[in-house]
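For reference, the chains in residue letters:
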Amino acid sequence: MFGYVRPSEARLSEADKERFAAAYCGLCRTLGERYGLASRFILNYDFAFLAILLWEGEAPEPLHRGCIAHPAGKRPYFPGNAALELAADYSVILARWQAADALADPGGGKAKYRLLAAALKGGYRQAAARRPAFDGKVREQLTRLRALEEGGCATLDEPADAFARLLAGAALEARDPVKRRVLEQLLYHLGRWIYLVDAADDLPEDFASGSYNPLLRRFGLEEGKLTGEARESLVVSLDHSIRLMGAALELWDFGAWSAVVRSVVYEGLFLVGGAVLEGTFHDGGGAKGPCRGNKVQL
Amino acid sequence: MTDPYEILNVPSTATDEEVKKAYRDLARKYHPDNYHDNPLADLAQEKMKEINAAYDAIQKERSGRARSGGGYARSGGYQYQSQYQGGYQSQAREGAAVFQQVRMAINRNDLGLAEQLLRQTGEHGGEWNFLMGMICYRRGWIDEARRYYQTACQLDPGNVEYRQTLNFVENSAGGYRPEGYETWSTGCGGSLCGRMACAYLACNMCTCGSMRFFYC
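So the sequences go chain by chain: A and B. Counted the way numbering that gives the first Met the number 0 counts, the first sequence spans residues 0 to 297. Counted the way numbering that gives the first Met the number 0 counts, the second sequence spans residues 0 to 215.
In case anyone wonders, no lab produced these hints; they're calculated from the structure. Given the structure is predicted, the values throughout are model-derived calculations rather than measurements. Incorrect hints may appear among the rest.
Some but not every residue of chain A turned toward chain B, in silico, with C-beta under 10 Å [to be verified]:
| hint | residue |
| --- | --- |
| 1 | Lys-136 |
| 2 | Glu-139 |
| 3 | Leu-141 |
| 4 | Val-177 |
| 5 | Arg-261 |
With a straight-line cut-off of 25 Å between C-alpha atoms, the simulated DSS-like cross-links for lysine-lysine are [what the hints assert, rightly or not]:
| hint | chain 1 | residue 1 | chain 2 | residue 2 |
| --- | --- | --- | --- | --- |
| 6 | B | Lys-46 | B | Lys-20 |
| 7 | B | Lys-28 | B | Lys-48 |
| 8 | B | Lys-59 | B | Lys-48 |
| 9 | A | Lys-178 | B | Lys-28 |
| 10 | B | Lys-20 | B | Lys-48 |
| 11 | A | Lys-136 | A | Lys-178 |
| 12 | B | Lys-46 | A | Lys-178 |
| 13 | B | Lys-28 | B | Lys-59 |
| 14 | A | Lys-178 | B | Lys-48 |
Don't be surprised by glycine CBs; every beta carbon is placed ideally from N, CA and C.
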């Protein structure tokens with residue numbers, strides 16, 4: 000997971016912002032409690048959004064406590080609950096396999112992934128034992144993805160489908176059958192969107208290193224950037240996945256999280272996707288560019 | 000039945016106009032065209048039934064007399080004529096039994112069988128490409144679906160069903176947005192300022208007022 004999924008602050012009330020920050024900090028604390036300090040470094044917005052989607056029932060009032068990462072003042076957080084524990088377990092499994100996948104890639108820049116894989120080794124074993132079905136799904140789809148990439152698959156949809164199914168596996172433990180169906184569809188298209196946006200983000204680097212990138216293969220690109228026609232095709236694909244996410248989310252009542260979920264799907268994803276295509280996503284120190292002025296400050 | 004006012008999310012003291020507006024907003028959200036070929040279409044249909052029943056119950060209570068008729072048409076409400084309704088009959092013109100079988104398999108969501116049947120046929124005309132597009136779309140393979148729909152439209156430019164379906168995939172502005180959210184596209188860029196202009200120009204959203212530049 001890559002930190003692309005974030006709400007647009009402009010759409011959130013003060014209470015919504017505090018609730019989102021409390022979910023983020025709550026997930027961080029839950030990761031620490033279950034998997035140790037090192038696991039807290041895998042935290043990003045994507046995992047916080049996953050916790051929100053998996054939330055059961057209403058959100059309580061956040062508690063406030065000091066935080067090692069933010070020494071000035073107290074931060075809102077939710078104490079551990081079933082959704083935060085589920086999201087923490089899934090996060091560790093996903094991060095571990097993401098590190099393994101990066102290490103298997105012929106390209107360079109592996110030091111941080113070696114460190115991550117080593118730090119998550121024990122935690123991953125615990126998380127996989129807690130969530131064997133999800134671990135099996137992730138393993139199965141990443142094996143498929145690797146085979147497609149090694150075979151130089153020239154479609155966008157097939158490799159994106161592997162990552163989409165992997166993420167849709169996170170809906171497996173939703174108790175309500177309607178919610179499970181809604182989340183499966185929402186997470187499928189979120190996974191598809193993440194895979195394609197990440198491919199666009201990595202395009203110049205992959206072109207330079209000769210690594211596999213589905214956009215290079217699908218559009219037969221001769222440079223490390225999208226042509227006008229390729230960009231237009233990718234935009235249609237991303238927009239339509241967002242549209243299908245919206246159609247899915249409206250079929251479930253996310254209660255107190257409705258505003259956050261809507262601000263991610265109906266605005267945040269468009270902003271982040273647009274910034275990635277413009278090449279401005281990493282401007283201003285990491286991923287702050289796209290939502291500058293309308294990003295939730297954590 | 001659950002309180003009809005609760006279903007429409009209005010207080011029982013709401014005026015007739017407020018009730019009608021709430022009903023129309025919800026109907027717009029769960030409109031069958033928003034769930035065209037969608038694996039969750041049955042859930043949206045259930046929602047529509049609930050909303051229709053709630054609106055009818057309120058109308059009945061307020062008018063003090065039973066309303067006649069049913070279905071999707073609501074007096075003063077929203078008309079639900081799906082633009083895709085006539086589509087599925089078009090294969091009769093083709094007269095190809097195998098394409099009918101493929102459509103039936105797609106409708107049962109048996110996409111493996113549908114693809115197998117199509118792969119066995121030698122004729123790759125408009126209908127073949129259209130049905131391959133439908134199979135891809137059902138799988139969530141939007142890029143491939145669009146390519147097949149484009150080929151179907153090129154091979155059979157007069158076919159309304161093919162054209163409508165291609166438009167549906169390409170037109171991101173057609174989907175539902177909650178009140179206050181613009182009809183944006185990823186192609187509009189990554190800043191709110193640029194997007195305001197893009198939404199304004201591309202989508203002709205006259206609601207773009209000066210307040211939106213507050214965020215710039």
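Hint-by-hint comparison with the structure:
1. Hint on Lys-136 (chain A) is violated. Least Cβ distance to chain B is approximately 16 Å, over the 10 Å limit.
2. Here the hint on Glu-139 (chain A) is broken, as its CB sits about 17 Å from the closest CB of chain B, past 10 Å.
3. The beta carbon of Leu-141 (chain A) is not positioned within 10 Å of any beta carbon in chain B (closest approach about 18 Å), and the interface hint is therefore violated.
4. Taking 10 Å as the C-beta contact cut-off toward chain B, the hint placing Val-177 (chain A) at the interface holds, the least distance being around 6 Å.
5. With 10 Å as the threshold, the beta carbon of Arg-261 (chain A) comes within range of chain B, its nearest partner Cβ sitting at about 6 Å, so the hint holds.
6. Distance restraint check for Lys-46 (chain B) and Lys-20 (chain B): the Cα-Cα separation of roughly 17 Å lies within the 25 Å cut-off, and the hinted pair is therefore satisfied.
7. For the suggested pair Lys-28 (chain B) and Lys-48 (chain B), the alpha carbons sit about 13 Å apart, so the restraint of at most 25 Å is met.
8. Distance restraint check for Lys-59 (chain B) and Lys-48 (chain B): the Cα-Cα separation of roughly 16 Å lies within the 25 Å cut-off, and the hinted pair is therefore satisfied.
9. Restraint check for Lys-178 (chain A) and Lys-28 (chain B): the C-alpha separation of about 18 Å stays at or below 25 Å, so the hint holds.
10. This hinted pair checks out: Lys-20 (chain B) and Lys-48 (chain B) have alpha carbons roughly 17 Å apart, not beyond 25 Å.
11. With a CA separation close to 19 Å, the supplied pair Lys-136 (chain A) and Lys-178 (chain A) stays within the 25 Å bound.
12. Using a Cα cut-off of 25 Å, the hinted pair Lys-46 (chain B) and Lys-178 (chain A) holds, with the two alpha carbons roughly 14 Å apart.
13. Between Lys-28 (chain B) and Lys-59 (chain B) the alpha-carbon distance is near 24 Å, which keeps this suggested pair within the 25 Å criterion.
14. Among the hinted pairs, Lys-178 (chain A) with Lys-48 (chain B) is consistent with the structure: their alpha-carbon atoms are about 19 Å apart, no more than 25 Å.
Hints 1, 2 and 3 from the list above are not met by this structure, while the remaining hints are.
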